[in-house]
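Q: So you can see what is in the structure, the chains are spelled out below.
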Amino acid sequence: MGKTTVSTNLATKLSEKFRIGFIDLDIYGPNAHLLLGLPEVPAVEQGDMLVPPKIEANGKEMQFMSMAMFLPEGVGLAIKAEFVLDIVKTIIQFTRWDCDLIVVDAPPGSLDVVNYTLDLVAPRAKAILVTEPHRMSLSDCLRLYDILKLKEIELSAIVLNKYNLFKDAEAFEAEVSRFGAPIVKIRWSEELQSGLQPDLFEELAEVVV
Amino acid sequence: MNPKLLSIIPKLVKLSLSQWQVRRLLEQYKGVSRSCQLILRDDGDETAIWIGIEDGEIKVKIGRYPATNTVTMDVDVFIDIVKGRVDFRTALWHGAIQVESHDGRPWAYHGFLWAGFWDMVAQILR
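From first to last, the protein sequence lines stand for chains A and B.
According to the numbering used here, the stretch in the first sequence is residues 1 to 209, in order.
According to the numbering used here, the stretch in the second sequence is residues 1 to 126, in order.
Watch out, some of these pointers could steer you wrong.
As the list claims (entries may be wrong) - Here chain B is said to cover these stretches of chain A; the calculated rule only asks that three of the stretch's residues, wherever they fall, bring their Cβ under 8 Å from a Cβ of chain B:
(1) 5 to 13
(2) 121 to 132
(3) 148 to 154
(4) 170 to 178
Stated by the list, open to error - Sample of chain A residues facing chain B (criterion: CB under 8 Å; computed from the structure):
(5) L38
(6) V41
(7) D86
Hint data in this document are derived by calculation from the structure and do not stem from the laboratory.
All figures in this text were calculated on a predicted structure; none of them were measured in a lab.
Ideal Cβ placement from N, Cα and C applies to all residues, glycine included.
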């Protein structure tokens, strides 16, 4: 659906005005580092917490945590859900994030790990629902919106990714407009395939902050 | 001490000769105090090694002592890691290494730190 593209570009855009932390919580398939790069030093301990290393994206520093830092490229992860929850807990609760905002690239779907993550961040988090505007993704959106309501997490924006590629995009937009959150349309473009394009996410940055 | 561990002596010598790189590694641990109990298993035998990092200095003792976490693996896995044949991180996440936390923090917390540490050691030994 483009969660990684949206979250990495949004974080990079926001880093122009805020001190940003970025968490790639796609534990089984981290990809954000392909756009943001990997830190040169590992996470270290300070006091009783981990200190996330920094990366530089678009000339600005960002704190960064990703399973990609702890797993060689090309190695698959075949671990139980309970281990994944332990990893999520470490990254969210046992890491000293020294920043104004944390952008989280959430795991896909509505698995245990998503529910657990939402429970951990619920008191202070806002959500951005990233979707492609076609029939197949509508039921996913409805389900996720329902979970957000259940967890009392504010939906701050709906991103209709690759808006220009789908002929029923307008009908989809009408459906999700009843969620009451601002809708931001991102067009598919060649530029977005070649790397970070934070300026294309200016509208989203303005809507969510 | 398990006699199989004699095979890693050349690597340990290399590590001790790479002083500048080791110093750079340990700089990351300035002001840090942590300890680990390493348990190496081999056909019912067990070698216990205590590793402590105190303000950028490493201390190693043979035997069991209080530690914030215990790392357990087969002696062959440990030898393969030191010799660069197995990646610590891969072995950790695939269950060849078990990390147990004794300080209330998640085991992944200690796993992350050791993964980072061994990755740097592996770079020195490469």
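Q: If you take the shortest Cβ to Cβ gap from V41(A) to chain B, is it below 8 Å?
A: holds (7 Å)
Q: Does L38(A) pass the interface hint, meaning its C-beta sits closer than 8 Å to a C-beta of chain B?
A: violated (11 Å)
Q: Verify the coverage statement for the region 121 to 132 of chain A against chain B, using a C-beta to C-beta distance below 8 Å and requiring 3 or more qualifying residues.
A: Coverage by chain B is violated for the region 121 to 132 of chain A (0 residues, Cβ < 8 Å).
Q: Take the region 148 to 154 of chain A, compare each residue's beta carbon with every beta carbon of chain B, and decide whether three or more fall closer than 8 Å.
A: violated (count 0)
Q: Is the interface hint satisfied for D86(A)? The criterion is a beta-carbon contact with chain B at less than 8 Å.
A: holds (4 Å)
Q: Mind taking a look at whether chain B covers the region 170 to 178 of chain A? Criterion is 3 or more residues with CB to CB distance under 8 Å.
A: Not satisfied, violated; 0 residues make the cut.
Q: Can you tell me if the region 5 to 13 of chain A counts as covered by chain B, using C-beta to C-beta distances under 8 Å and a minimum of three residues?
A: violated (count 0)
Hint compliance for this structure: hints 1, 2, 3, 4, 5 are broken, all remaining hints hold.
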